[in-house]
Amino acid sequence: MSFFSCGYSSSSYKPPSRLTTRVLASQSVSSPTAFPALVIVDGFNDTLPRASEISAGSSPGLMALSPNRATVLAFDSVSNSVEVVNTQKETLTGSVQLAGPTTSMVALATGSGYAAVPATPFASGPPPGAVVVMNLAAGSITATLGVPSAQTVVSSPDGTHLLVFSNDSDVVTIIYPPLVNVSSPVSATVPGFDRPVYGVFSADGSKAYILNCGPECGSGTASASVQTLDMTTLTLVGAPVAVDGATIGWLNGSTLYVAGTSPTKNLCTGQTTAAKTCGRLDIIDLGSMTVTGRTVITDGYHDRIDMSVNGQLFIGSQACTNVGNVNNVQGEVRGCLSIYNTANAAVVIPPDNGDVTGLQSFTTRDVEYVAEGGNLRVYDTLTDSLLVETTNNITETGTIIITGYIIDVKAIDFF
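The sequence shown begins at 67 in my numbering and counts up one residue at a time.
No lab work stands behind these hints, which were simulated from the structure alone. Do not rely on the hints blindly, as some may be mistaken.
As the list claims (entries may be wrong) - No more than 30 Å apart at the CA atoms, straight line, and that leaves these computed lysine-lysine pairs for BS3-like:
no., residue 1, residue 2
1, K331, K342
2, K273, K331
3, K80, K155
As the list claims (entries may be wrong) - Ranges between beta-carbon positions, derived for each pair:
no., residue 1, residue 2, range
4, S83, G177, 22 to 28 Å
5, P257, S96, 23 to 29 Å
6, K80, A412, 36 to 42 Å
7, G191, P244, 23 to 29 Å
8, G205, E398, 46 to 52 Å
9, G271, A117, 39 to 45 Å
10, T157, G359, 44 to 50 Å
11, P187, N134, 32 to 38 Å
12, T343, D296, 34 to 40 Å
13, N394, T255, 48 to 54 Å
14, F480, G177, 17 to 23 Å
The beta carbon of each residue, even a glycine, is placed where N, CA and C say it ideally should be.
Build the full structure now, drawing on both the sequences and the hints.
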């Protein structure tokens with residue numbers, strides 16, 4: 067007999083699907099041949115096993131994963147509910163009703179979940195907007211923390227601090243999860259930013275690099291920027307570092323990669339494309355707090371980023387310039403995905419269309435799963451092109467065929 071708790075403590079344990087390299091893909095639409103669900107994919111060989119779906123509401127999309135990967139949260143955009151899934155049992159265990167839609171949520175190791183709900187109404191007092199605290203085991207809301215127009219929530223590595231970003235605001239709200247329902251105050255606000263939309267924590271959580279969206283988000287400043295926030299004193303450190311655009315970032319060692327689309331610095335210089343505007347990726351050396359490189363990427367609002375095990379940076383956006391048609395490959399085909407090679411600074415724009423809504427890398431495979439345009443693509447990160455696989459003498463190129471529309475993708479096993 068084997069025992070497990072808080073994840074998989076026994077290597078002999080296998081879930082009902084009998085897989086140990088599972089990836090969940092959220093399929094959000096209903097059709098005569100498909101039902102909305104979280105589809106289980108075998109991440110070892112990119113196949114679909116039998117009985118490969120977990121029910122998760124009427125239209126599951128955005129997902130969040132707990133640190134031990136034992137719990138997945140899936141937001142159902144039809145009912146505005148957060149569906150709670152036990153990944154060990156591969157079953158739906160509960161649902162938490164929200165007051166409106168969310169585009170950002172986190173699941174903490176404590177068993178709590180936090181969702182930014184910008185439309186949360188209050189009978190009196192503060193304007194709409196809150197971060198909702200969820201008890202995932204009980205399927206209930208334990209606190210509603212008023213944060214006007216709360217849009218995005220980002221957790222520190224240890225889950226003791228949350229950064230909350232609001233629409234059209236120049237402040238960042240800090241929430242302290244250990245104090246919620248224990249003592250007061252549970253939050254603080256830090257002013258002095260320029261339309262901040264995202265933050266990247268240092269590995270030890272002592273600093274947060276705040277991305278000031280600036281002109282892309284409607285401020286009157288000339289440039290986006292990155293500002294360092296000391297999480298112990300909640301003070302701004304040093305001067306902001308100007309960048310071309312700043313809506314999403316990725317930290318690798320002492321290098322911070324920042325992507326965005328400037329309303330003025332958006333020429334597609336160096337690329338042969340029919341697109342009239344392009345985005346930018348800025349590379350910041352955190353030791354000197356200087357920009358050491360810039361490169362042209364696809365445009366749109368960048369809100370997805372991930373790095374493969376071999377250093378390929380995948381950057382996704384929404385509402386970008388789509389060129390051509392992937393189903394009619396005559397001429398250029400272009401969508402919302404850019405792949406940046408951190409070794410040689412080369413950029414690949416794959417021939418695909420649509421918004422990028424999910425990215426997932428692996429530590430044991432040179433592949434990246436990409437949800438783009440409702441399809442689940444598999445990229446070979448050694449070639450930055452769709453993976454070519456041969457199974458049972460049948461050659462397939464980089465698409466896991468799932469009926470419906472794929473929105474997000476999460477690996478729920480450590481591999």
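Here is what the structure says about each hint:
no.: 1; hint: K331 with K342; in the structure: holds, 12 Å
no.: 2; hint: K273 with K331; in the structure: holds, 29 Å
no.: 3; hint: K80 with K155; in the structure: holds, 9 Å
no.: 4; hint: S83 with G177: 22 to 28 Å; in the structure: holds, 24 Å
no.: 5; hint: P257 with S96: 23 to 29 Å; in the structure: violated, 46 Å
no.: 6; hint: K80 with A412: 36 to 42 Å; in the structure: holds, 41 Å
no.: 7; hint: G191 with P244: 23 to 29 Å; in the structure: holds, 25 Å
no.: 8; hint: G205 with E398: 46 to 52 Å; in the structure: holds, 48 Å
no.: 9; hint: G271 with A117: 39 to 45 Å; in the structure: holds, 40 Å
no.: 10; hint: T157 with G359: 44 to 50 Å; in the structure: holds, 47 Å
no.: 11; hint: P187 with N134: 32 to 38 Å; in the structure: holds, 34 Å
no.: 12; hint: T343 with D296: 34 to 40 Å; in the structure: holds, 36 Å
no.: 13; hint: N394 with T255: 48 to 54 Å; in the structure: holds, 51 Å
no.: 14; hint: F480 with G177: 17 to 23 Å; in the structure: holds, 20 Å
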